[in-house]
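Protein chains: 2
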Amino acid sequence: MVKIAVDAMGGDYAPSEMVAGAVDAVNSVPGIHVFLVGKEEVVNSQLSRHTYDKGRIEVVNAGEVIATEEPPVNAIRKKKDSSIVVGMNLVKKGQADAFVSAGSSGAILVGGQVIVGRIKGVERPPLAPLIPTEKGVSLLIDCGANVDARPSHLVQFARIGSIYMEHVMKVKNPKVAIVNIGAEEEKGNALVKETFPLLKECMDINFIGSIEAREIPHGGADVIVCEAFVGNVILKLYEGVGATLISKVKSGMMTSMRSKIGALLVKPALKETLKSFDASRYGGAPLLGLNGLVVKTHGNSKANEVKNSIIQCIAFKEQGINEKIKESLGAVNQEK
Amino acid sequence: MVKIAVDAMGGDYAPSEMVAGAVDAVNSVPGIHVFLVGKEEVVNSQLSRHTYDKGRIEVVNAGEVIATEEPPVNAIRKKKDSSIVVGMNLVKKGQADAFVSAGSSGAILVGGQVIVGRIKGVERPPLAPLIPTEKGVSLLIDCGANVDARPSHLVQFARIGSIYMEHVMKVKNPKVAIVNIGAEEEKGNALVKETFPLLKECMDINFIGSIEAREIPHGGADVIVCEAFVGNVILKLYEGVGATLISKVKSGMMTSMRSKIGALLVKPALKETLKSFDASRYGGAPLLGLNGLVVKTHGNSKANEVKNSIIQCIAFKEQGINEKIKESLGAVNQEK
Numbered sequence: 080m081v082k083i084a085v086d087a088m089g090g091d092y093a094p095s096e097m098v099a100g101a102v103d104a105v106n107s108v109p110g111i112h113v114f115l116v117g118k119e120e121v122v123n124s125q126l127s128r129h130t131y132d133k134g135r136i137e138v139v140n141a142g143e144v145i146a147t148e149e150p151p152v153n154a155i156r157k158k159k160d161s162s163i164v165v166g167m168n169l170v171k172k173g174q175a176d177a178f179v180s181a182g183s184s185g186a187i188l189v190g191g192q193v194i195v196g197r198i199k200g201v202e203r204p205p206l207a208p209l210i211p212t213e214k215g216v217s218l219l220i221d222c223g224a225n226v227d228a229r230p231s232h233l234v235q236f237a238r239i240g241s242i243y244m245e246h247v248m249k250v251k252n253p254k255v256a257i258v259n260i261g262a263e264e265e266k267g268n269a270l271v272k273e274t275f276p277l278l279k280e281c282m283d284i285n286f287i288g289s290i291e292a293r294e295i296p297h298g299g300a301d302v303i304v305c306e307a308f309v310g311n312v313i314l315k316l317y318e319g320v321g322a323t324l325i326s327k328v329k330s331g332m333m334t335s336m337r338s339k340i341g342a343l344l345v346k347p348a349l350k351e352t353l354k355s356f357d358a359s360r361y362g363g364a365p366l367l368g369l370n371g372l373v374v375k376t377h378g379n380s381k382a383n384e385v386k387n388s389i390i391q392c393i394a395f396k397e398q399g400i401n402e403k404i405k406e407s408l409g410a411v412n413q414e415k
Numbered sequence: 080m081v082k083i084a085v086d087a088m089g090g091d092y093a094p095s096e097m098v099a100g101a102v103d104a105v106n107s108v109p110g111i112h113v114f115l116v117g118k119e120e121v122v123n124s125q126l127s128r129h130t131y132d133k134g135r136i137e138v139v140n141a142g143e144v145i146a147t148e149e150p151p152v153n154a155i156r157k158k159k160d161s162s163i164v165v166g167m168n169l170v171k172k173g174q175a176d177a178f179v180s181a182g183s184s185g186a187i188l189v190g191g192q193v194i195v196g197r198i199k200g201v202e203r204p205p206l207a208p209l210i211p212t213e214k215g216v217s218l219l220i221d222c223g224a225n226v227d228a229r230p231s232h233l234v235q236f237a238r239i240g241s242i243y244m245e246h247v248m249k250v251k252n253p254k255v256a257i258v259n260i261g262a263e264e265e266k267g268n269a270l271v272k273e274t275f276p277l278l279k280e281c282m283d284i285n286f287i288g289s290i291e292a293r294e295i296p297h298g299g300a301d302v303i304v305c306e307a308f309v310g311n312v313i314l315k316l317y318e319g320v321g322a323t324l325i326s327k328v329k330s331g332m333m334t335s336m337r338s339k340i341g342a343l344l345v346k347p348a349l350k351e352t353l354k355s356f357d358a359s360r361y362g363g364a365p366l367l368g369l370n371g372l373v374v375k376t377h378g379n380s381k382a383n384e385v386k387n388s389i390i391q392c393i394a395f396k397e398q399g400i401n402e403k404i405k406e407s408l409g410a411v412n413q414e415k
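First to last, the sequence lines map onto chains A and B.
Here the working numbering runs 79 ahead of the position in the first sequence, where the first position is 1.
Here the working numbering runs 79 ahead of the position in the second sequence, where the first position is 1.
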């Protein structure tokens, strides 16, 4: 049984979509138990609208909510009874294996480190969303709060990301690349130039060299290593350009009677194709390298993304990802 | 008369498209004179296919070509008779006002600094492409070779970019923003945090604060300031995600008979809409802050982009952009 705590209060569509996603997850896969963390009466009132196995969803009361705009360090320290702090404490105490939240990114990143805690040897826990590509999906590691990272951090990101893609996403011998502004080894900023030879020396990953941003949507690498500022820019721009272009396509189709009729005809096929470019179907972004798993889903998550984020936690637990990360770091430390 | 040197030999479709673009430019606007720089017999043979005013296009012989993969510093130093070096020397000597090339980016960036030379006071000449947005176009400054920039460089980029957008692109009081991973002033990496207050103090620009990558396609700012590594990632990803999505849309439309018929009907309207997201119609990326103008067009430029890049040089010269940059830097130095 994989036990997953879900933040019922965080996100633009909380609590309704968070609760609906939890119910959907329990109803669609066996072997999971969900703790819905939030204001008891609010969560119970939402739950009463659904049909599900009552033995598999438990409400855990948390009287406070951390708002998106609150300074994260302060919020985590002061709001001991918030859904994020209470949910993360369930993971810390081993009562839950994972915590899923669509709430404040900052609070989740801080709470992950401060409450759940890092695996011994992990220098900076990376936030690693899956991004859609032509070939499927790639792991973008790191998009978290670790700006101004050092080369040793990026090397850990490469190892951790490789383990995740291999065992959770079932990609054999995942290709690892570092984001760069040219394909040649001598290209790049100081950080990339220093990190490149270190990655080349890693015998436990399949390092294929640099990847230019242009190649990312083509799925040229399974694990895309970068520091968090660059990762954040990639993630946000990916979403921004995608949304803008799709809205352009839609409005373009509405400009004439002729094109409107055409739009009706292409719509079903187009919807199917564009679905493969929808990040939400892969679930949220795992914050990796913690004593447990924390998954950050989009702030605007609906039930489907919440459900997928919960299901994502099963493979993580069953495949023993954290044990594999520990082994990998241990092996590296012994080598030294 | 604005005199523009064009590299006839650089780019994937050189010399034919470079020559065709130059002819188109001369045929469509008055007041320009073009020097086509390249192997005389090759260029003349291309020119013989076109009709144009022979007094307005002059062939300047250059016996060598710098290949894309050549180490730039070496290439600029050794290949004195290459089209890039010969073309840039025309600018240096004042025989041409501008140089347009689709050749090796590295060689153009190095040549710009070494041959054409920086305006006194400009610390690092930025490469500043125009990127399409929902509202029109924004200037992304810097996408050049200046990785690991310092705050003072970014402040110059903001000033120079603002002058360009106001006087070449005719945007009144252009909004200047710095690329960041959150909207709040305390967010960002060390470079952004140091630069932010300096930009706030600039009285000569309309600084509106941070811009997240997600907002860039919406056209939230006219001048988007960032260091070159981040700028390069933005530019390349913009092109990559755009191309991938458009190919997805096209292939999605071809999946069923029904959608194929629909595709025929939406095609003209869609083409028109997507044209507004086509960067090539704005011409190439100016390398700013030099004693003259150097414009880098895409390696895969066709005649239309070459033509637009040439035309872009007219406003630059007529509006006295370099004089305005000098004034702006002079005013700043006096303040100090």
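Since the hints were made in silico from the structure, they are not lab data.
One thing to keep in mind: the hints can contain errors.
Identical copies look the same in the list; a pair holds intra-copy or inter-copy alike.
[As the list claims (entries may be wrong)] As a list, the in silico DSS-like pairs of lysine-lysine whose alpha-carbon atoms are at most 30 Å apart: (1) Lys350 x Lys403; (2) Lys381 x Lys158; (3) Lys254 x Lys315; (4) Lys266 x Lys158; (5) Lys214 x Lys118; (6) Lys339 x Lys249; (7) Lys266 x Lys199; (8) Lys350 x Lys315; (9) Lys158 x Lys272; (10) Lys171 x Lys266; (11) Lys158 x Lys346; (12) Lys272 x Lys157; (13) Lys339 x Lys350; (14) Lys354 x Lys251; (15) Lys251 x Lys172; (16) Lys381 x Lys172; (17) Lys133 x Lys214; (18) Lys405 x Lys82; (19) Lys266 x Lys381; (20) Lys405 x Lys249; (21) Lys346 x Lys171; (22) Lys254 x Lys329; (23) Lys266 x Lys159; (24) Lys214 x Lys272; (25) Lys157 x Lys266; (26) Lys346 x Lys249; (27) Lys396 x Lys266.
Hint check:
1. Lys350 x Lys403: neither (38 Å within a copy, 50 Å between copies)
2. Lys381 x Lys158: within (26 Å within a copy, 60 Å between copies)
3. Lys254 x Lys315: Close inside one copy (23 Å) and across copies (21 Å); limit 30 Å.
4. Lys266 x Lys158: Between copies only: 22 Å across chains, 46 Å inside a chain, cut-off 30 Å.
5. Lys214 x Lys118: Close neither inside one copy (42 Å) nor across copies (43 Å); limit 30 Å.
6. Lys339 x Lys249: neither (42 Å within a copy, 35 Å between copies)
7. Lys266 x Lys199: Classified as between: cross-chain Cα gap 28 Å, same-chain 33 Å, threshold 30 Å.
8. Lys350 x Lys315: Both: 22 Å inside a copy, 26 Å across copies.
9. Lys158 x Lys272: For Lys158 and Lys272, the Cα distance is within 30 Å only across copies (28 Å; inside one copy 42 Å).
10. Lys171 x Lys266: between (42 Å within a copy, 28 Å between copies)
11. Lys158 x Lys346: neither (47 Å within a copy, 55 Å between copies)
12. Lys272 x Lys157: between (41 Å within a copy, 26 Å between copies)
13. Lys339 x Lys350: For Lys339 and Lys350, the Cα distance is within 30 Å both inside one copy (16 Å) and across copies (14 Å).
14. Lys354 x Lys251: This pair counts as within: shortest intra-copy Cα distance 24 Å, inter-copy 40 Å.
15. Lys251 x Lys172: Neither, since 34 Å and 59 Å both go past 30 Å.
16. Lys381 x Lys172: For Lys381 and Lys172, the Cα distance is within 30 Å only inside one copy (29 Å; across copies 63 Å).
17. Lys133 x Lys214: neither (40 Å within a copy, 51 Å between copies)
18. Lys405 x Lys82: Result: close within a single copy only, 21 Å intra versus 65 Å inter.
19. Lys266 x Lys381: Only across copies: Lys266 and Lys381 sit 27 Å apart there, 41 Å inside one copy, limit 30 Å.
20. Lys405 x Lys249: within (19 Å within a copy, 58 Å between copies)
21. Lys346 x Lys171: neither (47 Å within a copy, 56 Å between copies)
22. Lys254 x Lys329: between (35 Å within a copy, 28 Å between copies)
23. Lys266 x Lys159: Result: close only across copies, 25 Å inter versus 47 Å intra.
24. Lys214 x Lys272: Close inside one copy (28 Å), not across copies (37 Å); limit 30 Å.
25. Lys157 x Lys266: For Lys157 and Lys266, the Cα distance is within 30 Å only across copies (21 Å; inside one copy 46 Å).
26. Lys346 x Lys249: neither (32 Å within a copy, 39 Å between copies)
27. Lys396 x Lys266: neither (39 Å within a copy, 33 Å between copies)
Against the hints set out earlier in the document, violations occur for numbers 1, 5, 6, 11, 15, 17, 21, 26, 27.
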